[in-house]
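Asks: Spelled out, the chains give:
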Amino acid sequence: MAYIPEREPFSAWNKLIMRYRLFSGSWAYLLQRLTGIGLVAYLFLHIWALTSLTRGRAAFAAEMVTFTTPLFKFLEWALGALIMFHAFNGIRIAIVDLANGARYHKKLLAAVWVTGIAVVIMMFFLIFSNTLFAK
Amino acid sequence: MADPLQPPGNVLLQKEGMNTNAFLRNYARPRKSGAPAWWLQRVTGLALVILTVGHYILMHYNPVSGHDYGETASRLASPWFKGIYLGFITIGMYHGLQGCWNIVRDFKLKPMIGLTIFGVLVIAGIIFVAIGWNTILTFDPLKP
Chain A
-17 MAYIPEREPF
-7 SAWNKLIMRY
3 RLFSGSWAYL
13 LQRLTGIGLV
23 AYLFLHIWAL
33 TSLTRGRAAF
43 AAEMVTFTTP
53 LFKFLEWALG
63 ALIMFHAFNG
73 IRIAIVDLAN
83 GARYHKKLLA
93 AVWVTGIAVV
103 IMMFFLIFSN
113 TLFAK
Chain B
77 MADPLQPPGN
87 VLLQKEGMNT
97 NAFLRNYARP
107 RKSGAPAWWL
117 QRVTGLALVI
127 LTVGHYILMH
137 YNPVSGHDYG
147 ETASRLASPW
157 FKGIYLGFIT
167 IGMYHGLQGC
177 WNIVRDFKLK
187 PMIGLTIFGV
197 LVIAGIIFVA
207 IGWNTILTFD
217 PLKP
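Which chain is which? The protein sequence lines are A and B, in order.
For the first sequence, my numbering assigns the number -17 to the initial residue and increments by one for each residue that follows.
For the second sequence, my numbering assigns the number 77 to the initial residue and increments by one for each residue that follows.
Worth flagging that the hints you see were computed from the coordinates, not collected in a lab.
In this text, a Cβ means the ideal position worked out from N, Cα and C, and glycines have one as well.
The calculated DSBU-like cross-link candidates involving lysine-lysine, where the alpha carbons are at most 30 Å apart (straight line), are:
#1 K55/A to K219/B
#2 K55/A to K158/B
#3 K219/B to K158/B
According to the in silico footprint, chain A covers these stretches of chain B (three or more CB under 8 Å from chain A):
#4 118 to 129
#5 133 to 146
#6 173 to 179
#7 210 to 218
Here are the in silico distance ranges between beta carbons for each label pair:
#8 K219/B to R85/A: 53 to 59 Å
#9 F115/A to S141/B: 15 to 21 Å
#10 W95/A to N210/B: 36 to 42 Å
#11 G83/A to V196/B: 33 to 39 Å
#12 W9/A to W177/B: 20 to 26 Å
Next up, chain A with everything else stripped away, as it sits in the complex (with noise of 0.2 Å):
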């Protein structure tokens, strides 16, 4: 077993939030929802928002003129974090769910923090080459 250590809980968001402290685990959990509800919220956005293309050419051209600014760039960039910490914790969850992930899920959650950083590092690159090392 392992030791938890007693605390002096001075609020209830207090005790709520240091539950989440003791175990990898536990953040891994928090987050796969927290990430989960924002990328529900980004595809009802993504879909509302691609209905310019039944509208033609001018419609579609018109606003991609604000989706390809800076601030919607480095947006999409974030939005990629999400993605790649959903799915990478999500393939850790089907291998502890179906196969015998349990015995070393830690191992795997070290390997998702690994991999998703590092296609997030890649992403940045191939979204932001053209404009940071414009010839």
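Assemble the complex: chain A is given as a structure, and chain B must be docked to it using the hints.
Replies: Just chain B, lined up with the frame of chain A:
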């Protein structure tokens, strides 16, 4: 003196005239197993790992691949691409809303509030899947 090992007497149990085991079999466990939804969440999730990560890299592979009308039109000319994306929208929305419902179910809600949230999720999902399918199926590359 009541037997401490037995659950306390229940009006429902007395009315149905059942013994304790029959009561527990019929009332004290979920009516429906959540296992199919749990399994589908894993399977759609694994499919979405490939689809979503692939989609994200494809749309940002170069500055125009995801933000240009001509590129989009050339991709949507392929019936394979259309078919895959119709499925992508559908299972993406299913996975997302199933996940939301999974979070909601972790809270002890009054039945009517839970039913209302469930209804909102299902109706929003159906409407937005229909919008997405409409965008793909009625797309006309020649429209100015």
